[in-house]
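Peer 1: Produce the complete structure using the sequences and hints provided.
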Amino acid sequence: MKGPLDFTLALALGDDALVAAQRLGEWATRAPEMEEDIALANIALDQLGAARLLLSYAGELEGAGRDEDALAFLRDDREFRNCLLVELPNGDFAVTMVKLLLLAAYQVPLYTALAGCADERLAAIGAKARKESAYHLDHAALWVKRLGDGTDESHRRAQAAVDQLWPYHHELFTADPAAPVDPAGLRADFDAVVHPVLAEATLTRPATGWTPGGGRDGVHTEHLSFLLAEMQVLHRAHPGAQW
Amino acid sequence: MYGNDFVPQEDAPGGGLLGQVEAAEVALREAAARSREGAAAPGEDPAAYFADVIDADQKIEPRDWMPDAYRRTLVRQIAQHAHSEIIGMQPEGNWISRAPSLKRKAILLAKVQDEAGHGLYLYAAAETLGVSRDELVELLLDGRQKYSSIFNYPTLTWADVGAIGWLVDGAAIVNQVPLCRCSYGPYARAMIRVCKEESFHQRQGFEILHTLSHGTPAQRAMAQDALDRWWYPSLAMFGPPDGDSTHSAQSMAWKIKRFSNDELRQRFVDMCVQQAEILGLTIPDPDLRWNEERQAYDFTQPDYDELMRVIKGEGPCNRQRMEHRRRAHADGAWVREAATAYAAKQRAESQREKVAA
Numbered sequence: 670m671k672g673p674l675d676f677t678l679a680l681a682l683g684d685d686a687l688v689a690a691q692r693l694g695e696w697a698t699r700a701p702e703m704e705e706d707i708a709l710a711n712i713a714l715d716q717l718g719a720a721r722l723l724l725s726y727a728g729e730l731e732g733a734g735r736d737e738d739a740l741a742f743l744r745d746d747r748e749f750r751n752c753l754l755v756e757l758p759n760g761d762f763a764v765t766m767v768k769l770l771l772l773a774a775y776q777v778p779l780y781t782a783l784a785g786c787a788d789e790r791l792a793a794i795g796a797k798a799r800k801e802s803a804y805h806l807d808h809a810a811l812w813v814k815r816l817g818d819g820t821d822e823s824h825r826r827a828q829a830a831v832d833q834l835w836p837y838h839h840e841l842f843t844a845d846p847a848a849p850v851d852p853a854g855l856r857a858d859f860d861a862v863v864h865p866v867l868a869e870a871t872l873t874r875p876a877t878g879w880t881p882g883g884g885r886d887g888v889h890t891e892h893l894s895f896l897l898a899e900m901q902v903l904h905r906a907h908p909g910a911q912w
Numbered sequence: 005m006y007g008n009d010f011v012p013q014e015d016a017p018g019g020g021l022l023g024q025v026e027a028a029e030v031a032l033r034e035a036a037a038r039s040r041e042g043a044a045a046p047g048e049d050p051a052a053y054f055a056d057v058i059d060a061d062q063k064i065e066p067r068d069w070m071p072d073a074y075r076r077t078l079v080r081q082i083a084q085h086a087h088s089e090i091i092g093m094q095p096e097g098n099w100i101s102r103a104p105s106l107k108r109k110a111i112l113l114a115k116v117q118d119e120a121g122h123g124l125y126l127y128a129a130a131e132t133l134g135v136s137r138d139e140l141v142e143l144l145l146d147g148r149q150k151y152s153s154i155f156n157y158p159t160l161t162w163a164d165v166g167a168i169g170w171l172v173d174g175a176a177i178v179n180q181v182p183l184c185r186c187s188y189g190p191y192a193r194a195m196i197r198v199c200k201e202e203s204f205h206q207r208q209g210f211e212i213l214h215t216l217s218h219g220t221p222a223q224r225a226m227a228q229d230a231l232d233r234w235w236y237p238s239l240a241m242f243g244p245p246d247g248d249s250t251h252s253a254q255s256m257a258w259k260i261k262r263f264s265n266d267e268l269r270q271r272f273v274d275m276c277v278q279q280a281e282i283l284g285l286t287i288p289d290p291d292l293r294w295n296e297e298r299q300a301y302d303f304t305q306p307d308y309d310e311l312m313r314v315i316k317g318e319g320p321c322n323r324q325r326m327e328h329r330r331r332a333h334a335d336g337a338w339v340r341e342a343a344t345a346y347a348a349k350q351r352a353e354s355q356r357e358k359v360a361a
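Protein chains in written order, with the numbering used here: chain A, 670 to 912; chain B, 5 to 361.
Keep in mind that the hints were calculated from the coordinates and are not lab data. Please read all numbers here as calculations on a predicted model, not as lab measurements. Some clues are possibly wrong.
[Claimed, not checked] Ranges of calculated distance between the beta carbons of each label pair, as one might list FRET restraints: (1) B/Leu160 <-> A/Glu704: 29 to 35 Å; (2) B/Glu281 <-> A/Thr843: 56 to 62 Å; (3) B/Gly20 <-> A/His864: 57 to 63 Å; (4) A/Thr843 <-> B/Thr344: 37 to 43 Å; (5) B/Gln350 <-> A/Gly878: 19 to 25 Å; (6) A/Glu702 <-> B/Ala51: 51 to 57 Å; (7) A/Asp886 <-> B/Gln324: 39 to 45 Å; (8) A/Ala910 <-> B/Pro290: 27 to 33 Å; (9) B/Ala73 <-> A/Pro908: 41 to 47 Å; (10) B/Gln324 <-> A/Glu704: 22 to 28 Å.
Ideal Cβ positions, reconstructed from N, Cα and C, are used throughout, including at glycine.
Peer 2: In structure tokens form, the structure reads like this:
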């Protein structure tokens with residue numbers, strides 16, 4: 670049952686998690702309160718943990734001798750398969766929390782579906798990661814409500830974040846009927862979670878037909894190359910070294 | 005999945021000190037078991053009670069009477085310790101985005117997260133003395149309270165992350181293990197928990213340096229360079245020499261402090277020499293040698309004038325560290341205000357529901 674489609678999926682989801690972890694890690698020492706520094710590091714660690722499992726497995730499926738580090742540090746941006754949403758800059762805390770809300774509301778049904786898929790390794794990763802994603806979703810939803818329904822300034826920033834990020838969520842649900850989990854089938858779960866949170870947060874979904882995408886094909890925003898340049902610089906400066 | 009997925013080194017540091025932490029924990033439990041019921045009895049002189057508790061190696065608890073100066077000393081020391089944890093996240097956080105493997109990135113993220121946890125835990129210990137965390141954070145941001153001077157040095161290479169773990173956390177543990185027996189209960193208990201995690205961090209730092217010093221020539225040079233830059237600032241972490249230390253005598257009498265700066269510094273040097281040998285790195289001190297008579301190593305003292313300059317604000321990164329902390333605090337103000345406003349709305353909402361019901 671294992672084939673190139675499992676590799677493609679493991680790589681894409683691993684890249685989502687890795688790039689999300691890299692962005693969340695940028696918050697360390699910068700969070701709005703100390704408790705949030707701990708929470709963001711926690712979520713970054715969960716994403717990084719999922720990324721390591723997924724990339725290690727992708728490397729095994731590929732069978733070309735690439736391990737998690739070879740895949741993370743020795744590919745260029747055109748070879749990354751993450752969605753655009755996760756590579757966008759952190760922006761302010763509202764952008765980060767809305768981004769996390771959209772990501773987690775996608776990852777929860779995704780990992781849940783993965784937990785029931787035929788590939789045992791992917792199923793095990795899904796079963797572990799969905800519990801973590803459920804916490805990310807709770808955390809992000811609570812903050813989006815606080816920010817949306819907090820002060821005038823926080824509402825303004827939260828709405829701006831929704832306006833900026835909403836177009837990027839469409840890419841997450843691009844149909845792929847042959848994949849072990851067809852993303853199109855996750856949309857209803859996403860809507861059922863995100864729409865009420867935004868409503869309670871007094872935030873509105875922007876009316877725009879713009880649906881940026883291309884990440885799954887390796888066509889990214891300008892931001893990813895910079896993110897990778899920083900992430901990969903030390904590893905690449907010492908070819909073949911052990912760390 | 006993160007933080008402990010490396011093979012522990014048989015000869016890695018931490019074992020002996022961790023044993024002392026555990027012994028302190030046992031002593032703490034024993035002290036609690038033979039503790040008097042409640043505070044001073046009615047009519048008993050509170051100052052005499054305080055002196056008795058100190059003499060008997062029992063713990064002073066938040067409910068107990070204590071001299072104002074004892075309270076002030078503890079607030080200052082615990083707050084500085086908490087500030088150090090929070091500012092100390094910066095030099096290591098500097099390498100999270102560039103950690104050279106995913107495993108190292110996970111370990112480092114978890115470590116920096118631990119420091120935030122230590123900071124919170126210590127602020128909570130300080131709050132038992134009647135100050136609020138917000139007040140203490142203000143004192144830090146205004147520059148009226150200090151943090152450990154070591155964090156005013158830059159982390160220039162990945163090996164610096166290892167050196168901070170091995171040397172800076174190592175020095176912190178040597179300093180803090182005796183604090184596990186401090187006379188103030190909440191601080192002693194906080195220190196036991198913090199020391200256990202710090203000892204784990206020290207192992208991780210040692211392991212980073214061990215990997216580098218047994219790696220490529222460039223990695224080995226990186227490790228030696230880090231040791232060259234961090235050695236003397238780490239020795240300076242124990243503070244001025246005993247003759248110049250202003251707070252020591254009274255703190256010793258109150259059993260807040262148990263050993264002098266110079267005693268702790270010597271203990272640290274003696275501990276590091278053998279570990280440096282295992283690492284295959286050279287401690288940058290040509291006068292370092294075993295003294296048979298003293299049964300300890302002779303070593304070159306750090307530059308205490310430099311220490312004083314750094315404490316005064318003239319280290320390489322003082323301005324950068326403070327600016328970073330102030331900016332994070334200021335940038336987060338609207339978020340904290342939103343959380344407060346939202347909580348107030350939720351409370352009002354549940355009040356309305358109660359009234360309606």
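Peer 1: Hints first: check each against the structure and report whether it holds.
Peer 2: A quick look at each hint next to the structure:
| no. | hint | verdict |
| --- | --- | --- |
| 1 | B/Leu160 <-> A/Glu704: 29 to 35 Å | 31 Å, holds |
| 2 | B/Glu281 <-> A/Thr843: 56 to 62 Å | 58 Å, holds |
| 3 | B/Gly20 <-> A/His864: 57 to 63 Å | 58 Å, holds |
| 4 | A/Thr843 <-> B/Thr344: 37 to 43 Å | 40 Å, holds |
| 5 | B/Gln350 <-> A/Gly878: 19 to 25 Å | 36 Å, violated |
| 6 | A/Glu702 <-> B/Ala51: 51 to 57 Å | 40 Å, violated |
| 7 | A/Asp886 <-> B/Gln324: 39 to 45 Å | 41 Å, holds |
| 8 | A/Ala910 <-> B/Pro290: 27 to 33 Å | 31 Å, holds |
| 9 | B/Ala73 <-> A/Pro908: 41 to 47 Å | 60 Å, violated |
| 10 | B/Gln324 <-> A/Glu704: 22 to 28 Å | 25 Å, holds |
In summary, the structure is inconsistent with hints 5, 6, 9 from the numbered list given earlier, while agreeing with the others.
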